[in-house]
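Position one of the sequence shown corresponds to residue 1 (UniProt numbering), numbered consecutively onward.
Be careful, since some hints might not be right.
[Claimed, not checked] Simulated crosslink set (BS3-like; lysine-lysine; CA at most 25 Å straight-line): (1) K35 <-> K63; (2) K115 <-> K322; (3) K115 <-> K201; (4) K245 <-> K104; (5) K104 <-> K201; (6) K322 <-> K245; (7) K114 <-> K63; (8) K187 <-> K115; (9) K35 <-> K55; (10) K245 <-> K115; (11) K114 <-> K245; (12) K125 <-> K104; (13) K115 <-> K104; (14) K69 <-> K55; (15) K115 <-> K125; (16) K125 <-> K245; (17) K114 <-> K140; (18) K201 <-> K125; (19) K35 <-> K201; (20) K55 <-> K114; (21) K115 <-> K140; (22) K125 <-> K55; (23) K187 <-> K104; (24) K114 <-> K104; (25) K69 <-> K35; (26) K187 <-> K140.
[Stated by the list, open to error] Okay, the calculated beta carbon distance ranges per label pair: (27) V32 <-> T257: 44 to 52 Å; (28) R339 <-> T207: 23 to 31 Å; (29) G305 <-> P172: 37 to 45 Å; (30) D223 <-> P132: 26 to 34 Å; (31) Q235 <-> Q26: 23 to 31 Å; (32) E162 <-> T12: 35 to 43 Å; (33) T257 <-> N109: 20 to 28 Å; (34) Q144 <-> G219: 41 to 49 Å.
Note that these hints are calculated values from the structure, not bench results. Owing to the predicted nature of the structure, the values given are computational and were not obtained by experimental measurement. Glycine included, each C-beta is placed from N, C-alpha and C at the ideal position.
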Amino acid sequence: MAQGPIQSADLTPVQFADLIGWSTDQHADALVAFKRFCGSGAPSDANRGPFQLSKDHRNALCKAAQASKDARSFFEIHFEPFQVREPGFVTGYFEPEVAGSREKTAEFNVPLLKKPDGLVHVPAKARPSGWPRHLTHGRKINGQVIEMPDRGAIMDGALDGEDLELVWLRSPIDAYFIHVQGSARLKLSDGTTMRVGYAGKTGHPYTGIARLLVQRGEGSPEDFTMSGLRRWLEQNPDERDLLFKENRSYIFFREVTEAATNEGPIGAAGLPLVPGRSLAIDDSVMPYGVPVFVSAEFEDLQRPGNQYRRLMVADDTGSAIKGQSRGDIFVGSGDDAGRIAGEIRHGATFTVLLPRRSTGLGN
Numbered sequence: 001m002a003q004g005p006i007q008s009a010d011l012t013p014v015q016f017a018d019l020i021g022w023s024t025d026q027h028a029d030a031l032v033a034f035k036r037f038c039g040s041g042a043p044s045d046a047n048r049g050p051f052q053l054s055k056d057h058r059n060a061l062c063k064a065a066q067a068s069k070d071a072r073s074f075f076e077i078h079f080e081p082f083q084v085r086e087p088g089f090v091t092g093y094f095e096p097e098v099a100g101s102r103e104k105t106a107e108f109n110v111p112l113l114k115k116p117d118g119l120v121h122v123p124a125k126a127r128p129s130g131w132p133r134h135l136t137h138g139r140k141i142n143g144q145v146i147e148m149p150d151r152g153a154i155m156d157g158a159l160d161g162e163d164l165e166l167v168w169l170r171s172p173i174d175a176y177f178i179h180v181q182g183s184a185r186l187k188l189s190d191g192t193t194m195r196v197g198y199a200g201k202t203g204h205p206y207t208g209i210a211r212l213l214v215q216r217g218e219g220s221p222e223d224f225t226m227s228g229l230r231r232w233l234e235q236n237p238d239e240r241d242l243l244f245k246e247n248r249s250y251i252f253f254r255e256v257t258e259a260a261t262n263e264g265p266i267g268a269a270g271l272p273l274v275p276g277r278s279l280a281i282d283d284s285v286m287p288y289g290v291p292v293f294v295s296a297e298f299e300d301l302q303r304p305g306n307q308y309r310r311l312m313v314a315d316d317t318g319s320a321i322k323g324q325s326r327g328d329i330f331v332g333s334g335d336d337a338g339r340i341a342g343e344i345r346h347g348a349t350f351t352v353l354l355p356r357r358s359t360g361l362g363n
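Model the full structure from these sequences, guided by the hints.
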């Protein structure tokens, strides 16, 4: 897997006419997703490599998007397609909907934690001597940055007594899957709904526990889709927590109030996610806001009989999404979305759209 930001050498120019499924896509949906980045205060982080885009050029591109009457024409006029040479792989994710309580009870006793004070990102060049190579975050206390505890230590009480409990759930399995997805809608015991979203992480590396089970001969990759993994965890309660601890990554949450109830959860770019149009990427290799045409080898359930061929927008990230050739498709909210997301593990081709130089909107 290629590491580091995507460079021009990683891309092959293609034509829109060469993109199977481009002409039949619902480009208007993709344009809606793209226009969220215009005037939103979302980060404009497209100032590197082939994604170089000045503020003036970005503003001009957004002006053209707002005025566009034909979404497909907008993208074809103002962008050029470049295929990422490295073969890709996509998974799916969703916003779980589970029961919860703001108060700890006998029934609801598994917490989601708030971000602790002093949690900071630690760049590689500032990493204290002796720190693990992949540790990206620490905690600043009295002017000193110390290593954050990992999942196992937190499960064993490393942060107890700090009043970090945001909300309480029934099941440690629900809590774990919310950690993986990064957001959730919680149906509270008082009849209200609460949304939670990503607030920070310990910085320890992510390890997929389904992959560990496959390596140990517990089943095949096909056995450990999201639903298959949940089933195994429910059937093996004595091994469950030990397995959880092998994924050292741990996520902290916040209550989300800025998204309307009919909108998706807030992604890493600070914008509501759009089902079927939001793509989580590794933001160290690709900036947010880039349109990406995804061609993947599974059936698009919204267009039965057709393979997944969609123009999406990079607007989120995730601990498991690493490298130029990885993407995570946001499917939606609730159990149905979860079933669909859990089945997505397929090869894919990514084609990024870069602003055309000839329009005055690119380099």
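Against the structure, the hints come out as follows:
Restraint check for K35 and K63: the C-alpha separation of about 10 Å stays at or below 25 Å, so the hint holds. Restraint check: the Cα-Cα separation between K115 and K322 comes to about 23 Å, which is no more than 25 Å; the hinted pair holds. For a cut-off of 25 Å, the pair hint linking K115 to K201 stands: about 8 Å separates their Cα positions. Between K245 and K104 the CA atoms are separated by roughly 23 Å; this keeps the pair inside 25 Å, and the hint holds.
For the given pair, K104 sits about 23 Å from K201 by alpha-carbon distance, which is consistent with the 25 Å threshold. About 21 Å separates the Cα atoms of K322 and K245, which keeps this hinted pair within 25 Å; it holds. For the hint linking K114 to K63, the alpha-carbon distance of about 38 Å lies beyond 25 Å, and the restraint is violated. Using a Cα cut-off of 25 Å, the hinted pair K187 and K115 holds, with the two alpha carbons roughly 22 Å apart.
Of the supplied pair hints, the one linking K35 and K55 holds, its CA atoms being roughly 15 Å apart against a limit of 25 Å. About 19 Å separates the Cα atoms of K245 and K115, which keeps this hinted pair within 25 Å; it holds. Under the criterion of a C-alpha separation no larger than 25 Å, the hint pairing K114 with K245 is consistent with the structure, at around 19 Å. Pair hint K125 plus K104 does not hold up; C-alpha atoms about 41 Å apart against a cutoff of 25 Å.
At roughly 19 Å between alpha-carbon atoms, K115 and K104 fall within 25 Å of each other, so this suggested pair holds. The suggested pairing of K69 with K55 holds, with an alpha-carbon distance near 24 Å, which does not exceed 25 Å. Between K115 and K125, the direct Cα distance comes to roughly 24 Å. Compliance with the 25 Å bound is thereby established for this hinted pair. For the given pair, K125 sits about 28 Å from K245 by alpha-carbon distance, which is inconsistent with the 25 Å threshold.
For the suggested pair K114 and K140, the alpha carbons sit about 16 Å apart, so the restraint of at most 25 Å is met. Pair hint K201 plus K125 holds up; C-alpha atoms about 19 Å apart against a cutoff of 25 Å. A hinted pair counts as satisfied when its Cα atoms are at most 25 Å apart, and K35 with K201 does not qualify at roughly 29 Å. Proximity of K55 to K114 is assessed by CA-CA distance (about 34 Å); at most 25 Å being required, the pair is judged violated.
At roughly 13 Å between alpha-carbon atoms, K115 and K140 fall within 25 Å of each other, so this suggested pair holds. Distance hint between K125 and K55 is unfulfilled; the C-alpha atoms sit about 29 Å from each other, more than 25 Å. Restraint check: the Cα-Cα separation between K187 and K104 comes to about 15 Å, which is no more than 25 Å; the hinted pair holds. Simply put, K114 and K104 have alpha-carbon atoms about 15 Å apart, close enough for the 25 Å limit, and the pair holds.
For the suggested pair K69 and K35, the alpha carbons sit about 13 Å apart, so the restraint of at most 25 Å is met. Proximity of K187 to K140 is assessed by CA-CA distance (about 35 Å); at most 25 Å being required, the pair is judged violated. With their beta carbons about 23 Å apart, V32 and T257 fall outside the hinted range of 44 to 52 Å. Checking the proposed 23 to 31 Å range against R339 and T207 shows it holds: the Cβ atoms sit about 24 Å from each other.
At about 40 Å, the beta-carbon gap between G305 and P172 stays in the expected band of 37 to 45 Å. Remark: the range hint 26 to 34 Å for D223 to P132 is upheld by a beta-carbon distance near 32 Å. A beta carbon spacing of about 41 Å between Q235 and Q26 contradicts the range 23 to 31 Å that was offered as a hint. As the Cβ distance of E162 to T12 is approximately 51 Å, the hint placing it in 35 to 43 Å is violated.
Range check, T257 to N109: about 25 Å between beta-carbon atoms, so the 20 to 28 Å window is met. At about 45 Å, the beta-carbon gap between Q144 and G219 stays in the expected band of 41 to 49 Å.
The structure shown violates the earlier hints numbered 7, 12, 16, 19, 20, 22, 26, 27, 31, 32.
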